[in-house]
Amino acid sequence: MLAACSFVGLIGFWFSASEFGLVSERFLPDPWTVLVALYNMIMERGFLEDIWISIARVWGAFLASAIMAIPLGIWMSSYRIIGMVTEPIVDFIRYLPVPALVPLLIIWFGIGESSKIAVLWMGTFFQLVLLISDDAKRVPSEFIETGLTVGAKPRQITWHIVFRSMLPNIVDNLRITLGWCWTYLIIAEIVASNAGIGHAIWSARRFVKTPEVMAGILTVGIIGLLTDQAIRFAHRRWFRYL
Amino acid sequence: MVSLFVSADMSQAPPFLRLTSIEKSFLSDEDGTTPVIDNVSMEIDSGEFVIFLGPSGCGKTTLMRIVGGLETCDRGEVFLAGEKVAGPDRKKGMVFQAYTSFPWLTVFENVKFGTRYRDDIGEKEKEEIARHYLQLVGLQEFADFFVNRISGGMRQRVAIARTLAANPDVLLMDEPFGALDAQTREFLQGQLLEINRREKKTTIFVTHDVDEAIVLADRIVIFSARPATIIQSIYVSQFLSGDRTIATKETQPFFELRNKIRDLMREQAQVTRELAEKEMIEMNEGERA
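If you're matching them up, the sequences are chains A and B in order.
Numbering follows numbering that gives the first Met the number 0, in which position 18 of the first sequence is assigned residue number 17; successive positions increment by one, without gaps.
Numbering follows numbering that gives the first Met the number 0, in which position 11 of the second sequence is assigned residue number 10; successive positions increment by one, without gaps.
Hints were generated in silico from the structure; no laboratory data involved.
Everything numeric in this text was worked out from a predicted model, so none of it was measured.
In this text, a Cβ means the ideal position worked out from N, Cα and C, and glycines have one as well.
Take the hints with a grain of salt, since some may be wrong.
To be verified - Non-contacting residues of chain B with respect to chain A, defined by C-beta distances greater than 10 Å in every case (computed):
# : residue
1 : N38
2 : A178
3 : T228
4 : D262
Stated by the list, open to error - These stretches of chain B come out as covered by chain A in the derived footprint (C-beta under 8 Å, 3 or more residues):
# : stretch
5 : 87 to 100
6 : 162 to 169
As the list claims (entries may be wrong) - Counterexamples of contact, computed for chain B against chain A with all Cβ distances above 12 Å:
#  : residue
7  : R74
8  : E124
9  : F238
10 : P252
11 : E284
Given these sequences and hints, build the entire structure.
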């Protein structure tokens, strides 16, 4: 309720700022103009297709990095040797600014879909793997020893106890990581793409079509908000015991 | 002649649980090792309830973890039912001081988890066993509760039921009531006596609470300050006759035995304090040097 109010308040502020001429039309068009621009983009320029392409890229890369990061993160914490070998590498790459890697990734992967996925993957996998490994370390050792003394095999302990115990945290971390994906996606699409929301924003900029730029940004925001709320809702449903 | 032979043979039967000259040191940061267990041997009969009693930090928990296969020792061996203990498994059930019921499972599911890795029985039997032990600890009305909705005492009852459901050869309990308030603790002691009478599980129970030890134990093994050695073994039935209940704590023989053990413990506590003080002084000097 309060969240909805603050959102309405933000739009109200935007509305009055542009309506009373506090800011020039050219820099900040009013919400109505932006909505009209959004409508036109969808009807005339196939913006819906751009949206779908962007969503597909984000989820593709996000799922790829989650599927790899979850087992690796857990193994890093349960087997010291894996942790010792991988942690320096992960830390090194984690600190590289992803936008700086974009040119390199384009040279490696071309300008097709794979380079976009690679950018998103680079930006999220290495962060996620550390978050997961930290969560795994926080699983009480008594949980693991309980598993051992009721006869569970190491593999069963990993999945039935460690993974299950950290699952609520994993879902939270995935939710946060999904947000980063959108940031990296727009960067990737601006630099090298001929489709997607980022591309639409960038082409609008070239003709100083501020309403269209705003419409693109707004779209990303709304998608983000909806996914985030959906995951939060699922989190409450799945983890009633918390 | 023959019968004599048989009885002689019976008395020679290997004990159910045997510890032979266990020694263990921990690596300390600079100058090598700190001995925690020094040459401990003992034999425990099937169905016996043995208490490890000793000052805090003396190594009694470590010794029990060695029996459970959760920790290795530098010297000596543990044999359970004729087999050498080489690691943790379902034969050595463990109840910890920390709450270990899984929050994502209900009370019933937690108890049933004890049977999850048993391949000697089918699914239907697992349900029955879980229900049986849930009833034994008196939690059947809370079967569908998640564990964050129940009290600490109840969580320990869940842990006990889960461990028993796994049908271990020996039940290892590491100060299971240590984090509970006095009333709950006493209630659980009474309940454990009852469970023990019915299940007759070979049990090792670690505590530093003398009253708890006397009420529960067939035999109390008193350990010295670190490194742990056995100071004395006391068979409680030689001092207290008949079935024990919580009310036993109000009897004259109980007081006498308690005072006897307390005196022994007090000496040990003194040694521990001196040891700790010496260590502190050494550490301080080490830092200054």
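Evaluated hints:
1. No Cβ of chain A approaches the Cβ of B:N38 within 10 Å, the least distance being about 26 Å, so the stated non-interface status holds.
2. Every beta carbon of chain A lies more than 10 Å from that of B:A178, the smallest distance being close to 12 Å; the non-interface claim holds.
3. Its beta-carbon lying about 26 Å from the closest one in chain A, B:T228 satisfies the requirement of being farther than 10 Å from that chain.
4. Under the 10 Å C-beta cut-off, the non-interface status given to B:D262 relative to chain A holds; the minimum distance is some 34 Å.
5. Coverage of the stretch 87 to 100 of chain B by chain A holds [criterion: at least 3 residues with CB-CB distance below 8 Å; count 9].
6. With a cut-off of 8 Å between beta carbons, the stretch 162 to 169 of chain B has 3 residues touching chain A; three or more are needed, and the interface restraint holds.
7. Distance check on B:R74: its Cβ is at least 23 Å (rounded) from any Cβ of chain A, clearing the 12 Å threshold; non-interface status holds.
8. The Cβ of B:E124 lies farther than 12 Å from every Cβ of chain A, with a closest approach of about 16 Å, so its non-interface assignment holds.
9. The non-interface label for B:F238 is consistent with chain A: the shortest C-beta to C-beta separation is roughly 33 Å, beyond 12 Å.
10. With a least CB separation of 36 Å from chain A, B:P252 remains clear of the 12 Å interface cut-off, as annotated.
11. The Cβ of B:E284 sits about 33 Å from the closest Cβ of chain A, beyond the 12 Å cut-off, so the non-interface label holds.
The structure agrees with every numbered hint stated previously.
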